[in-house]
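Participant: As they're listed, the protein sequences go chains A and B.
Heads up: the first sequence runs through residues 1 to 157, numbered per our numbering.
Heads up: the second sequence runs through residues 158 to 240, numbered per our numbering.
Please keep in mind that the hints were generated in silico from the structure rather than gathered at the bench.
Worth double-checking, as some hints may not be accurate.
Claimed, not checked - Covered by chain A, according to a simulated footprint, are these stretches of chain B (three or more residues, beta-carbon under 8 Å):
#, segment
1, 161 to 167
2, 232 to 238
What the hints assert, rightly or not - Restricting the straight-line Cα-Cα distance to at most 25 Å, the calculated cross-link-like pairs of lysine-lysine (PhoX-like) are:
#, chain 1, residue 1, chain 2, residue 2
3, A, LYS143, B, LYS169
4, A, LYS143, B, LYS211
5, B, LYS226, B, LYS159
6, B, LYS169, B, LYS211
Beta carbons: idealized from backbone N, C-alpha and C, even for Gly.
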Amino acid sequence: MAVRVQAEDFDVGAELEALTRGNHAIGGLTSFVGLVRDMHAKGPEAGRSVSAMTLEHYPGMTERQLEAIEAEARARWPLDATLIIHRHGRLEPGDRIVLVACASSHREAAFEACHFLIDWLKTRAPFWKREETPSGERWVEAKDSDNAAASRWSKKE
Amino acid sequence: MKLLYFAWLRTKIGLAEETVEPPAGIADVGGLVEWLKGRGPGYADALANLAVVKVAVNQEYVPFDHPVKPGDEVALFPPVTGG
């Protein structure tokens with residue numbers, strides 16, 4: 001159970017190893033790593049290249065909200081371990097932005113909780129991306145598709 | 158009351174944070190925002206379309222009819238784009 005908001009990069013292998021070490025009840029560990037892309041693949045910005053992005057966040061509220069959603073995931077699924085690391089500051093294409101990992105005795109819980117957490121992060125965690133492109137800097141707009149992805153988790157209740 | 162602005166709201170208003178004492182009678186976020194709009198063109202521009210403004214009071218998301226009181230930390234920001 002851990003939430004970290006940091007400027008520094010993280011070592012995925014070391015983090016996953018530490019998360020499950022000593023707990024042999026864990027049968028499945030899922031992880032999601034978000035990376036900085038060098039170009040928009042689709043949508044109105046398709047084809048526009050991105051040379052770097054800067055992530056701004058709301059210190060204090062970010063940690064509080066991440067801890068709340070982690071608790072929500074643990075209430076919904078039987079999880080043995082969870083981890084959310086989200087970076088802030090200036091990042092370049094290929095850099096890691098976020099790591100979400102969930103461990104459980106069964107794979108379904110681990111898969112679903114990981115998916116739930118990353119959908120939620122996209123729509124509720126107070127982070128904002130500012131892109132550097134050949135035509136200047138601009139704030140990334142929130143996507144309706146991200147809201148749709150997050151809303152299906154509330155429809156299940 | 159402490160106000161915080163993030164992303165393009167911060168850019169347009171020209172401040173990351175400030176401490177204000179709104180006049181008596183301002184009881185909720187909606188009233189606070191209307192008062193802020195009158196403080197200058199940057200505020201009016203940033204708060205022109207409230208459909209793209211989110212609010213947190215004391216670090217929890219709230220609707221525009223949520224009450225505000227002295228001592229609150231009120232943050233205004235655009236829809237988030239993390240992950």
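Participant: Now tell me, hint by hint, if it's right for this structure.
Facilitator: Do the hints match the structure? See the list:
Figure legend: the segment 161 to 167 of chain B, annotated as covered by chain A; annotation consistent (4 residues with Cβ-Cβ distances under 8 Å, at least 3 required). Only when three residues or more bring their CB closer than 8 Å to a CB of chain A does the claim for the segment 232 to 238 of chain B stand; here the count is 6, and the claim holds. In summary, the hint linking A/LYS143 to B/LYS169 is supported, as the alpha carbons are separated by about 22 Å, within the 25 Å threshold. The suggested pairing of A/LYS143 with B/LYS211 holds, with an alpha-carbon distance near 15 Å, which does not exceed 25 Å.
Restraint check for B/LYS226 and B/LYS159: the C-alpha separation of about 10 Å stays at or below 25 Å, so the hint holds. Using a Cα cut-off of 25 Å, the hinted pair B/LYS169 and B/LYS211 holds, with the two alpha carbons roughly 15 Å apart.
The structure is consistent with each of the numbered hints, conforming to all of them.
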